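Novice: One-letter residues, chain by chain:
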Amino acid sequence: MDLNFSADDLAFQQEVRTFIADHYPPHLKAKFDEGEELSKEDFLSWHRVLAAKGWAGIAWPVEYGGTGWTSVQRYIFAEESARADAMRLLPFGLNMVGPVIYTFGTPEQKAKFLPRILSGDDWWCQGYSEPGAGSDLASLRTKAERFTGDDGKEYYRVNGQKTWTTLAQHADWIFALVRTDATVKAQEGISFLLIDMKTPGITVRPIITLGGEHEVNEVWFEDVIVPIENRVFHENKGWTCAKFLLAHERTGIAGVAASKRGVERIKTIARTETDSFGDEAQPLIANPFFKRKVAELEIDLTALEFTELRTLAGESSGKGPGPESSLLKIKGTEIQQRITELALEAVGHYGAPYFRGFGEGDNEHPIGPDYAHRAAPTYFNVRKTSIYGGSNEIQRNIIAKMVLGL
Amino acid sequence: MDFNFTDEQTMLRDSVARYLADTYTFDARMAAVHGESGWNPHVWKAFAEELGILGAPFAEEHGGLGGGAIENMIVMEEIGKALVIEPYLQTVVIGGGFLKAAGGAVADAVIPKIIDGSAVIAFAYAEPQGRYNLADLRTTAKKDGAGYVLNGHKAVVYAAPWATHLIVTARTGGSVRERSGVSVFLIAADAPGITRRDYPTVDGARASEVYFENVAVGADAIIGTEGEALPLVEQVVDEAIAAVCAEAAGVTRKLHEGTLDYSRQRKQFGKSIGEFQVLQHRMVDMFMEVEQAVSMTLMATLRLGEADRGKHVSAAKNKIARGARFVGQNAVQIHGGIGISNELAIGHYFKRATMIESQFGDADFHLRRFESLMD
Ligand SMILES: Cc1cc2nc3c(=O)[nH]c(=O)nc-3n(C[C@H](O)[C@H](O)[C@H](O)COP(=O)(O)OP(=O)(O)OC[C@H]3O[C@@H](n4cnc5c(N)ncnc54)[C@H](O)[C@@H]3O)c2cc1C
Ligand SMILES: Cc1cc2nc3c(=O)[nH]c(=O)nc-3n(C[C@H](O)[C@H](O)[C@H](O)COP(=O)(O)OP(=O)(O)OC[C@H]3O[C@@H](n4cnc5c(N)ncnc54)[C@H](O)[C@@H]3O)c2cc1C
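The listed protein sequences derive, respectively, from chains E and S. Our numbering puts the first residue of the first sequence at 1, with every later residue one more than the last. Our numbering puts the first residue of the second sequence at 1, with every later residue one more than the last.
Only chain E is shown next, with the shape it has when bound in the complex (with noise of 0.2 angstroms):
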């Protein structure tokens, strides 16, 4: 055992430490410091970055045009991405349906989506929840019946609702679940289907969330028509598609280097607010209440981060991300949630303002410090961790059943 990274790592964090600090878009940067929301085009501007550079497919490997980076190697990354506040690229195509295109996708299907996923060329979103389907995802009920078209082709005809689907406004395809045999067993008759957000019948519409953002969407199916040559895996089989996926999409939840990254940036606000009390007034990091909470989440965040090598390290000896990752989301989305917590804390009194098209404009009348504006909105969307990708109930309720065999 040995926790030092080995003199290639190193060369290896030097490389991507410089290809950041030289290639990150400046915009970008600019805009996450003032807490900004980001455009179609923000969310694009750097995954074109890493996919010419050749790293974007992070996790990919080789032959599909992925990195074929070591764990250290992606852990490396991912450190070095949140040291300099780089985004984390959107999972939906990279992290979800690519590896289920290249694990059970045809030959066809993997030469027609991989390289779009890894250019940014096609933006992806999950449809996967339905308003009665959520935790209980087998339960779906947008149907998808098969017919043969004039064409004396094989189509479905899907109908139905999708619901709480992430940046669908921006979506060129979804990949969506749906029930393709209502007469069996509920997670026997589901099938994988790639769609055309363009396809006639398709309706998008806005859910506006609790910080005030256009994030989450209903989309609408009404006879859509989509090709049989869209799905993936053998008809009535999605189900085993959509685990795969749903175990992907846990072990990044964790987001270890990125809530390194906000204790950092807490405490960096804990030295410049003030702590007014009594007749003494001192940087709120010296305030034993709060020096205690920042502690004892950066005591709880490193526990997070050795488990979270050690899941790394059985993965690259060859064992698959197993209900161990279900520890990764609960206690990765958990400290999430506390950082917000103390940033809304920090900022005292200037929690409250609600800058949503309004704060900018008057710098000579400036309502608080920049850092104190997303503090509540992010506090209230960060919520979503642990509903979402799994509630931390049902992470719960799978470590009871697949690794306590209670």
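One or more of the hints may lead you astray.
Unchecked claim - Between beta-carbon pairs, the in silico distance windows are:
no., chain 1, residue 1, chain 2, residue 2, range
1, S, Asn342, E, Lys401, 31 to 41 angstroms
2, E, Glu364, S, Ser118, 48 to 58 angstroms
3, E, Ile299, S, Gly174, 38 to 48 angstroms
4, S, Ala219, E, Arg292, 47 to 57 angstroms
5, S, Gly270, E, Ala286, 31 to 41 angstroms
6, S, Glu49, E, Asp223, 24 to 34 angstroms
7, E, Thr268, S, Met374, 26 to 36 angstroms
8, S, Thr10, E, Phe32, 46 to 56 angstroms
9, E, Glu364, S, Lys142, 52 to 62 angstroms
Hints in this document: simulated from the structure, not taken from any laboratory. Since the model is a prediction, treat every value here as computed from it, not as a measurement. For each residue, glycine too, the CB sits at the ideal point set by N, CA and C.
Fit chain S with the ligands to the known structure of chain E by using the hints.
Specialist: The following block gives chain S with the ligands in isolation, referenced to the frame of chain E:
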């Protein structure tokens, strides 16, 4: 010992509850929040004329109902249940609190206007550097002939965009955090030299940064004793904290009820999610926090007149801040995705609960204050 409301108090509660249930629907609230002015003056008028509640804690000789802190508690709990944005707290509890304590000509002049709804008051006390320390003041009021001239910047002044009057804390002497040297002024909101930067708040209200630039006021603007008003400020803020605790009791009650209802309706895995024991226990824990919020509100309200008032008020605020967070977060969690949608009331109760956590001092501040006052 008697924890029962009088008949009048029960009537007060029922009439406010009925009025709000009938007219102050979630949709009506959101329409006001998103409207130009951000509040509903008709509601304020109804508070004054139909319900008479703007006079709840004032003496009958001023035209009030002859009540006090308990009446404020009753009204504030209902305000919490309906997520009312209109500034009862700032105008009646805080403005009224200062005027009642100060008495004299200014009280005789302004209290009737509060009661008839024509005076709306905002409390300009916090400053960018001062966090929750009421004495941490850089705003100055310099003696100038018979009157004073004010200069300074007040932070996040709730209700300032709607106010006819501001109650302002400022230094007539002493250094930044000294107990001595603090004075309180009642100033017309449109006095020359006052500028505001208005904005919405995350919990649906409106607030302002308020700047004072050589604002000249007469000697009669002062409330309480010049230079020795900090104890008065602390007393009124403690009364305000008790009122905010009552509001929190109402807010968390609705968060809990709404969650319980939802857990009965929402089905996953072929049953109501309320049948999952882990959620049942969570809702039991939420319920216990709500009940304790009611208890602590009552405790603090009944002890507002005691010598060690501050300790009790801080105990209540600390307990309720922690409870509000727990109840709010879990209400959202148990709602699942729907909980983070801005279209449902539950998220707005959560936002108000979150802002209450830190209003007039967060859990840490009040824990520290309690420790410093503990035997
Ligand atoms: C911001 C956001 C983005 C999202 N993005 C996407 C997306 O891009 N694509 C997509 O398909 N979905 C997305 N989702 C949906 C997400 O996956 C679901 O919200 C999640 O699966 C929970 O489902 P639900 O909201 O219906 O809650 P429900 O399943 O109704 O759960 C409600 C509550 O009951 C609890 N519960 C449910 N079952 C049990 C049980 N057996 N035992 C104990 N407790 C239980 C849950 O933990 C939760 O607290 C997103 C959600 C959010 C909030
Ligand atoms: C100090 C002491 C003094 C006592 N004195 C007396 C006495 O004077 N007279 C007397 O008759 N008895 C007495 N008891 C016994 C006491 O009432 C029992 O211990 C108690 O009822 C629990 O029963 P158990 O120990 O068999 O635990 P179990 O019932 O086996 O419970 C084990 C665990 O399972 C949990 N559990 C059980 N059912 C559920 C459920 N449905 N949902 C969730 N969790 C569940 C329990 O909460 C506990 O954590 C005493 C016990 C102690 C420790």
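Novice: With 48 to 58 angstroms as the target window, see if Glu364 of chain E and Ser118 of chain S comply at their CB atoms.
Specialist: 33 angstroms, violated
Novice: That 52 to 62 angstroms hint for Glu364 of chain E and Lys142 of chain S (C-beta), does it hold up?
Specialist: Once the Cβ atoms are compared, 24 angstroms apart, the range 52 to 62 angstroms for Lys142 of chain S and Glu364 of chain E is violated.
Novice: With respect to the beta-carbon atoms only, verify the hint that Thr10 of chain S and Phe32 of chain E lie 46 to 56 angstroms apart.
Specialist: Check passed, 55 angstroms falls within 46 to 56 angstroms.
Novice: Does the Cβ-Cβ separation between Glu49 of chain S and Asp223 of chain E fall within 24 to 34 angstroms?
Specialist: 57 angstroms, violated
Novice: Is the distance from the Cβ of Asn342 of chain S to the Cβ of Lys401 of chain E consistent with 31 to 41 angstroms?
Specialist: 35 angstroms, holds
Novice: If I claimed the Cβ atoms of Gly270 of chain S and Ala286 of chain E lie 31 to 41 angstroms apart, would that claim hold in this structure?
Specialist: 54 angstroms, violated
Novice: Is it true that Thr268 of chain E and Met374 of chain S lie within 26 to 36 angstroms of each other by Cβ?
Specialist: Given a distance of about 33 angstroms, which is inside 26 to 36 angstroms, the answer is holds.
Novice: Is 38 to 48 angstroms right for how far apart the beta carbons of Ile299 of chain E and Gly174 of chain S are?
Specialist: Check passed, 42 angstroms falls within 38 to 48 angstroms.
Novice: Using the C-beta atoms of Ala219 of chain S and Arg292 of chain E, is the stated range 47 to 57 angstroms upheld?
Specialist: The hint (47 to 57 angstroms, Cβ to Cβ) holds, given that Ala219 of chain S and Arg292 of chain E are roughly 48 angstroms apart.
When held up to the earlier numbered hints, the structure conflicts with 2, 5, 6, 9 and fits the remainder.
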